[in-house]
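J.: Now for the letters of each chain:
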Amino acid sequence: MRIWDLHCHLSGVSGLTPEERLEALLVFADRMGVERLCVYMGMKWAQDPAPADLVRQNSEVLRAIAKYPDRAFGFVYLSAKYPEESLAELERCVADGPMVGVKLWVAEKCSVPAIDAIIRRAAELKAVIFQHTWFKTNGNYPGESSPDDLVALARRFPNVPIICGHTGGSWEPGIRAIRAQANLYADLAGSDPTAGFTEMAVRELGASRVIYGSDGGGRSFASQLAKVHGAKISDADKQKIFCDNLRGLLLPILQAKGIKA
Amino acid sequence: MNRRKFLLRTSVTLAASSLGAAESARLTDCHVYLGSHPFRRLDGEDSAAFAENLRQRGVTEAWVGAFEGLLRRDVTDVNRLTAERCKSDAIFRPCGAVNLTLPAWQDDVKRCAEDHGMRVIRLHPNYHGHTLEASAFRELLALATKHHLLVQVVTQMEDERTQNPQVRVPPVDLKPLPDLMKEMPDARVMILNANASMVLLHLQECPNTTLDFAMIEGVGGVENLLKIWPLERLVFGSFAPVFYWESARLKVQESALDPAQTASIHWGNASALLG
Numbered sequence: 001m002r003i004w005d006l007h008c009h010l011s012g013v014s015g016l017t018p019e020e021r022l023e024a025l026l027v028f029a030d031r032m033g034v035e036r037l038c039v040y041m042g043m044k045w046a047q048d049p050a051p052a053d054l055v056r057q058n059s060e061v062l063r064a065i066a067k068y069p070d071r072a073f074g075f076v077y078l079s080a081k082y083p084e085e086s087l088a089e090l091e092r093c094v095a096d097g098p099m100v101g102v103k104l105w106v107a108e109k110c111s112v113p114a115i116d117a118i119i120r121r122a123a124e125l126k127a128v129i130f131q132h133t134w135f136k137t138n139g140n141y142p143g144e145s146s147p148d149d150l151v152a153l154a155r156r157f158p159n160v161p162i163i164c165g166h167t168g169g170s171w172e173p174g175i176r177a178i179r180a181q182a183n184l185y186a187d188l189a190g191s192d193p194t195a196g197f198t199e200m201a202v203r204e205l206g207a208s209r210v211i212y213g214s215d216g217g218g219r220s221f222a223s224q225l226a227k228v229h230g231a232k233i234s235d236a237d238k239q240k241i242f243c244d245n246l247r248g249l250l251l252p253i254l255q256a257k258g259i260k261a
Numbered sequence: 001m002n003r004r005k006f007l008l009r010t011s012v013t014l015a016a017s018s019l020g021a022a023e024s025a026r027l028t029d030c031h032v033y034l035g036s037h038p039f040r041r042l043d044g045e046d047s048a049a050f051a052e053n054l055r056q057r058g059v060t061e062a063w064v065g066a067f068e069g070l071l072r073r074d075v076t077d078v079n080r081l082t083a084e085r086c087k088s089d090a091i092f093r094p095c096g097a098v099n100l101t102l103p104a105w106q107d108d109v110k111r112c113a114e115d116h117g118m119r120v121i122r123l124h125p126n127y128h129g130h131t132l133e134a135s136a137f138r139e140l141l142a143l144a145t146k147h148h149l150l151v152q153v154v155t156q157m158e159d160e161r162t163q164n165p166q167v168r169v170p171p172v173d174l175k176p177l178p179d180l181m182k183e184m185p186d187a188r189v190m191i192l193n194a195n196a197s198m199v200l201l202h203l204q205e206c207p208n209t210t211l212d213f214a215m216i217e218g219v220g221g222v223e224n225l226l227k228i229w230p231l232e233r234l235v236f237g238s239f240a241p242v243f244y245w246e247s248a249r250l251k252v253q254e255s256a257l258d259p260a261q262t263a264s265i266h267w268g269n270a271s272a273l274l275g
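Chains as they are written, first to last, in the working numbering: chain W, 1 to 261; chain B, 1 to 275.
Please keep in mind that the hints were generated in silico from the structure rather than gathered at the bench. Note that beta-carbon positions come from the ideal geometry of N, C-alpha and C, so glycine has one too. Keep in mind that a hint or two might mislead.
What the hints assert, rightly or not - Computed from the model, here is a short list of chain B residues facing chain W with C-beta under 10 Å:
id : residue
1  : D43
2  : W105
3  : A142
4  : Q163
5  : P165
6  : I216
7  : L250
8  : E254
Could you build all of it, start to finish, from the sequences and the hints given here?
T.: So this is what it looks like as structure tokens:
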């Protein structure tokens with residue numbers, strides 16, 4: 001199986017510099033047969049980062065991926081709370097830089113109109129868009145999106161593929177929430193490896209809308225790979241989830257940038 | 001590194017891992033359930049199929065509790081059912097349920113040991129509504145010791161963020177355990193589903209306590225755990241069928257363990273506990 005990991009960070013792993021941390025992640029990735037990592041956010045996180053912090057974190061990712069251009073893709077970390085500054089980061093890191101995707105986290109809900117300019121420009125650049133989502137039983141953070149919020153955004157951009165980060169964490173309601181919105185993809189990363197997750201996602205969304213990611217280094221590659229390796233689905237579907245779906249989303253921007261993968 | 005070199009390097013690693021597995025054919029999974037899960041349809045409902053499933057993955061012994069032990073209050077019947085299920089396949093070792101909030105729970109301990117020949121009991125204090133500070137827990141440790149029973153304590157069954165909103169159950173507070181275990185040096189406890197912060201906060205000074213790694217997370221989780229936890233007190237626990245069984249196997253692969261360490265975790269440490 002060819003395995004690309006949609007969802008990795010420079011946290012939860014040892015190393016004093018971004019380069020060292022990515023190197024450490026790749027040691028474990030090699031043990032697990034993971035060929036490529038999508039990396040976003042810096043060495044120290046903030047739930048509501050100021051524009052300068054976004055720049056710092058993105059610069060750390062740029063440093064890390066520059067050392068391993070054949071193993072890691074960078075996604076630019078943006079905030080709908082700061083649309084103008086985020087657009088500038090999008091230009092710096094994607095339009096004029098090597099990054100190939102966008103990461104949106106918990107500073108502001110993704111249903112707000114202010115995010116539209118970011119989504120529009122990211123789509124023009126063919127960048128892959130990833131939005132963190134959770135349905136937390138014990139309550140989301142104030143700016144944390146649910147899959148329902150993402151559906152509201154996706155309806156405004158029906159032709160733009162968007163990845164539903166964590167599929168809401170609580171995956172049974174998460175899968176149901178995004179099922180009818182065909183431009184939304186399910187990210188398997190960052191929740192416990194509860195049996196049935198992948199099978200339900202494939203059953204309800206189709207294997208072509210499901211993507212493997214780990215959320216490493218905070219999560220192990222192992223527990224997240226198990227969601228696919230251990231699922232009762234065909235090998236052909238596993239290959240789609242492990243690599244082909246993500247690669248398909250990335251190919252337009254990779255080709256535009258002349259990156260072979 | 002180009003793709004060809006990557007594939008060569010990873011295939012060498014995987015081949016070495018497989019070789020290690022072949023050298024040590026025994027695998028004791030100390031953390032498995034059978035029966036009907038309250039919230040999900042899982043493989044443990046069909047004992048025979050699940051046994052075969054485990055066997056195909058290389059498991060040679062599975063310590064099984066009953067999902068029904070979480071919420072049912074006729075625990076005597078739950079334990080009879082567990083014993084019956086386990087007689088159907090030699091791979092299973094039954095783990096009895098004991099609910100310390102029920103009247104005459106002491107009888108269940110005795111029946112587990114004497115009627116069913118069990119060597120292990122599995123507690124879910126958070127689902128049963130007691131803490132480890134409860135006097136009954138101290139009494140349980142003494143009674144279990146008398147009957148030569150290993151006591152498994154399951155700290156959590158599900159991440160609080162994903163639990164059914166109508167059945168929210170916080171993790172077991174392990175803070176009282178170190179003092180208790182120091183007071184009762186003959187008691188033997190295995191903590192299941194602890195996460196790394198629980199280990200760091202409460203278990204480091206806890207004698208005669210063993211851990212599984214089903215909920216130990218982070219890249220290289222097992223090798224990182226072994227920097228703060230003794231090898232001889234770590235066992236293989238998958239938490240199947242709630243978790244994909246492969247999660248535990250792959251966690252061993254993800255960590256750099258030598259064959260002796262792998263053998264200890266795969267079966268040696270569990271075997272010593274019941275020796």
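J.: For this structure, which hints from the list above don't hold up?
T.: Failing hints, ascending: 2, 3.
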